[in-house]
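Construct the complete structure from the given sequences, taking the supplied hints into account.
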Amino acid sequence: MKLGKRWLPAHILVWSYAVLLIVPLYYFLASAFKTNDEIFAHPFALPTSFGFGNFRTAFDSADLGLAVVNSTLVTVFALVLTLGLALPAAFALARSTGRLASVMEKVFSLGFLIPTFAALFPTFLLAAATGLFHTRTFMVLFLPATAMPLSVVILVQFMRTIPKEMEEAARMDGASTFAVLRHVYIPMCMPGIATVLLLNFLTFWNEYLYSLVIIGPDPAQRTVQVALPTLKSITGTDYGVLTAGTVLTLVPVWVVYTVLQKRMQQALVSGAVKM
Amino acid sequence: MRSPLTRRGFLAAGTGLTAATALPALSGCSALAAADSDPDTLVVHSQLGTTAPGSPTYLASLDRFREENPGLKVKNLVNGDDLAQVYETSRLARKEPDVVMVNLYDKTLAWTDVGATVDVKDYLDDWGLRERVLPVALDAWTDGKGRLRAFPYFATNWPVAYNRSLLDKAGVDEIPVTGDQLIAAARKLRAKGIGPVTTGGNDWTGQKLLAQIIQTFLSENEARHVYSTGDFSGSRGAKEGIDYFVALRDAGVFVDKAQGLTSDLMTTQYNTQSAAIQSAMSSALAKVPESVARHTDVGGWPLAEGAAHELPTILRTYTLIGFWISPNGTKKIDAVEKFLRFMYRPDTVSRFIKESGRDMALRSSTVSTDFPLVAAAQRLGDDVSQVLLPDVYVPPAATQPLITATSTSFTRGTPATKVRTALEAAYHSA
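Top to bottom, those sequences are chains A and B.
Just so we're aligned: the first sequence equals residues 25 to 299 in our numbering.
Just so we're aligned: the second sequence equals residues 530 to 959 in our numbering.
Derived from the structure by calculation, the hints contain no laboratory data.
Please read these numbers as outputs of a predicted model, since none were measured by experiment.
Beta carbons: idealized from backbone N, C-alpha and C, even for Gly.
Please note that a few of the clues may not be correct.
Claimed, not checked - Within a straight-line C-alpha distance of at most 30 angstroms, the following computed BS3-like cross-link-like pairs (lysine-lysine) qualify:
{"#": "1", "chain 1": "B", "residue 1": "Lys604", "chain 2": "B", "residue 2": "Lys768"}
{"#": "2", "chain 1": "A", "residue 1": "Lys256", "chain 2": "B", "residue 2": "Lys650"}
{"#": "3", "chain 1": "B", "residue 1": "Lys947", "chain 2": "A", "residue 2": "Lys256"}
{"#": "4", "chain 1": "B", "residue 1": "Lys624", "chain 2": "B", "residue 2": "Lys860"}
{"#": "5", "chain 1": "B", "residue 1": "Lys674", "chain 2": "B", "residue 2": "Lys624"}
{"#": "6", "chain 1": "B", "residue 1": "Lys717", "chain 2": "A", "residue 2": "Lys256"}
{"#": "7", "chain 1": "A", "residue 1": "Lys256", "chain 2": "B", "residue 2": "Lys624"}
{"#": "8", "chain 1": "B", "residue 1": "Lys883", "chain 2": "A", "residue 2": "Lys256"}
{"#": "9", "chain 1": "B", "residue 1": "Lys883", "chain 2": "B", "residue 2": "Lys860"}
{"#": "10", "chain 1": "B", "residue 1": "Lys636", "chain 2": "B", "residue 2": "Lys867"}
{"#": "11", "chain 1": "B", "residue 1": "Lys768", "chain 2": "A", "residue 2": "Lys256"}
Said to hold, decoys possible - Sample of chain A residues facing chain B (criterion: CB under 10 angstroms; computed from the structure):
{"#": "12", "residue": "Thr185"}
{"#": "13", "residue": "Pro187"}
{"#": "14", "residue": "Glu189"}
In structure tokens:
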């Protein structure tokens with residue numbers, strides 16, 4: 025296909041944008057193989073060696089292996105719980121037409137108004153009062169609570185796009201309300217579920233403040249976001265080791281994004297057409 | 530229509546979810562709940578354990594302690610700058626660790642007073658460890674009510690490091706000892722594209738350097754008064770010190786954008802030879818690469834005419850890291866005693882000096898051989914004057930506002946009056 029001149033500005037913009045993304049990513053990856061001297065003397069040069077010394081140091085000294093396992097446990101269980109609560113809630117709200125449902129939907133939306141930091145102290149008190157302070161369980165229960173507003177709002181919008189006839193047909197076949205959710209709404213909302221999963225995965229995986237305060241610094245329990253800053257030293261950080269550690273913690277994010285991105289793109293496209 | 534999700538599958542998922550939620554709870558109980566419930570586990574909360582200077586020695590010492598005390602488990606919790614915040618929330622939940630290793634600064638200044646940690650004076654005497662500690666360190670760790678806040682451990686010299694090679698390259702023959710010489714050296718360095726004095730103008734390193742320069746015209750007592758009250762305008766010496774700082778700053782003595790730098794970037798700039806001078810504590814000096822260290826001289830901060838000191842100044846502190854005992858720790862005081870006795874043993878102390886180049890607040894005849902700059906700083910002795918480290922006199926609530934005021938102070942063009950106002954405002958907002 026031959027491209028005309030009118031495509032040129034678009035190409036320039038796209039490539040400029042790509043460079044804007046690639047340059048910091050390259051700098052970040054290259055730094056993971058360098059010493060401090062190399063990073064500061066020749067920031068954009070290729071590493072002189074591709075040894076995994078920095079990765080080994082980061083992995084061993086911050087105990088990143090265990091931290092990744094802890095983050096995975098917290099994130100996966102919190103995601104499962106989020107979906108387990110958000111799907112029925114969204115299903116009920118999407119199908120209801122009464123005033124109460126409308127009020128309930130607005131109540132969920134109110135969740136956006138609570139600043140994360142403002143909830144820290146009450147959350148800490150709750151954790152202490154329930155005896156779940158310094159446990160990952162509290163975070164598994166707490167994170168879905170923070171994610172419910174966004175998850176429900178997104179899923180309600182997806183479920184409202186499903187034609188009522190689909191449910192009516194299922195009802196004719198004798199399907200219960202639960203079966204309608206299971207066999208009609210969930211399969212048809214997969215792009216929306218993928219969106220919710222991806223957005224919440226990123227939020228849960230990257231959560232720092234609450235994990236630091238609630239779970240604490242115990243290497244047996246701390247998440248990767250709490251473990252990583254221990255590589256920073258007030259008297260001279262080894263940035264090669266720090267970036268190597270950061271790369272290691274980003275691998276799961278990259279894997280999940282790769283797996284879910286098609287679904288998410290599908291979700292965005294379908295949203296664009298339907299809504 | 531068939532969905533892959535059957536009722537049985539859904540129930541299985543629900544059961545799995547329940548189990549999954551319960552699993553971390555169980556493992557959680559066995560992990561940190563042990564901190565305050567298991568009498569055979571001593572929980573130590575420390576800034577050592579990953580890449581901080583002294584970490585490998587500390588971890589090796591812990592291993593040795595475990596070998597010598599097979600019935601006693603030791604759990605080491607590690608945090609960086611956020612240690613104080615994490616400890617305080619743990620204490621609020623009554624799940625704090627037994628021993629905390631942290632410096633006397635900012636939040637920790639209030640710990641003994643509010644009961645977050647206990648007075649350790651009696652323990653020090655009962656365990657016969659008083660003679661091991663330098664008297665000056667005991668004074669530094671004792672509060673106004675005579676309570677010993679913690680067992681002193683790490684100290685530090687805080688000299689000024691000069692990269693002689695870079696100074697030579699710029700045509701600076703002598704290490705500057707006066708403000709005028711420093712300004713002249715800075716100009717020559719800048720002409721060669723070399724940064725002069727690097728400092729973390731946006732954190733505690735800049736705050737310390739600013740305090741050091743302000744004290745150029747202050748006696749120790751005056752400095753104590755000024756930093757306790759924040760009365761920078763009421764002290765003639767403080768006003769002259771601020772004027773001196775402003776004159777140096779506006780003459781280009783500090784690297785560009787110093788007001789935005791942190792300690793991290795400061796040490797990096799010096800260690801990578803993009804800046805020629807830094808005011809650095811001995812743990813930072815220990816991490817200066819050998820290629821830079823062999824061209825480095827340590828000395829004091831240059832004086833202005835009419836200064837209150839005879840010789841260029843350095844900072845010294847004995848409050849770098851101490852062992853604090855928590856209320857939970859008093860319930861396991863036998864284990865704490867074993868740990869403290871071990872850490873105070875001459876062979877353990879020597880390891881920190883020899884292997885990690887740490888300055889200690891304890892008596893020791895061991896000299897650091899692998900860390901020449903640390904040893905050189907120790908040898909400075911009376912060749913320099915010493916100014917006060919203001920940390921223990923600044924009210925805890927003013928510490929962070931002072932950092933903000935420091936950044937304002939390092940911003941070029943800020944007049945001396947505005948610097949004074951910013952410093953005083955830090956105390957008023959506290």
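Do the hints match the structure? See the list:
1. Between B/Lys604 and B/Lys768 the CA atoms are separated by roughly 49 angstroms; this puts the pair beyond 30 angstroms, and the hint is violated.
2. Between A/Lys256 and B/Lys650 the alpha-carbon distance is near 33 angstroms, which puts this suggested pair outside the 30 angstroms criterion.
3. The suggested pairing of B/Lys947 with A/Lys256 is violated, with an alpha-carbon distance near 33 angstroms, which exceeds 30 angstroms.
4. Between B/Lys624 and B/Lys860, the direct Cα distance comes to roughly 12 angstroms. Compliance with the 30 angstroms bound is thereby established for this hinted pair.
5. As the CA atoms of B/Lys674 and B/Lys624 are separated by approximately 27 angstroms, the hinted pair is consistent with the 30 angstroms bound.
6. With a C-alpha separation of about 34 angstroms, the suggested pairing of B/Lys717 with A/Lys256 is violated against the 30 angstroms cut-off.
7. A C-alpha spacing of about 26 angstroms is found between A/Lys256 and B/Lys624, which places the hinted pair at or below 30 angstroms, so the restraint holds.
8. In summary, the hint linking B/Lys883 to A/Lys256 is supported, as the alpha carbons are separated by about 23 angstroms, within the 30 angstroms threshold.
9. The straight-line distance between the Cα atoms of B/Lys883 and B/Lys860 is roughly 34 angstroms, outside the 30 angstroms bound, and the hint therefore fails.
10. Taking the CA atoms of B/Lys636 and B/Lys867, the gap is near 28 angstroms; set against the 30 angstroms cutoff, the hint holds.
11. For the proposed pair B/Lys768 and A/Lys256, the alpha carbon gap of about 36 angstroms is over 30 angstroms, so the pair is violated.
12. Annotation: A/Thr185 was flagged as interfacial toward chain B, and the flag is violated, the nearest CB pair being 18 angstroms apart, outside 10 angstroms.
13. Interface hint status for A/Pro187: violated, as the beta-carbon distance to the closest one in chain B is roughly 14 angstroms, over 10 angstroms.
14. The beta carbon of A/Glu189 is not positioned within 10 angstroms of any beta carbon in chain B (closest approach about 13 angstroms), and the interface hint is therefore violated.
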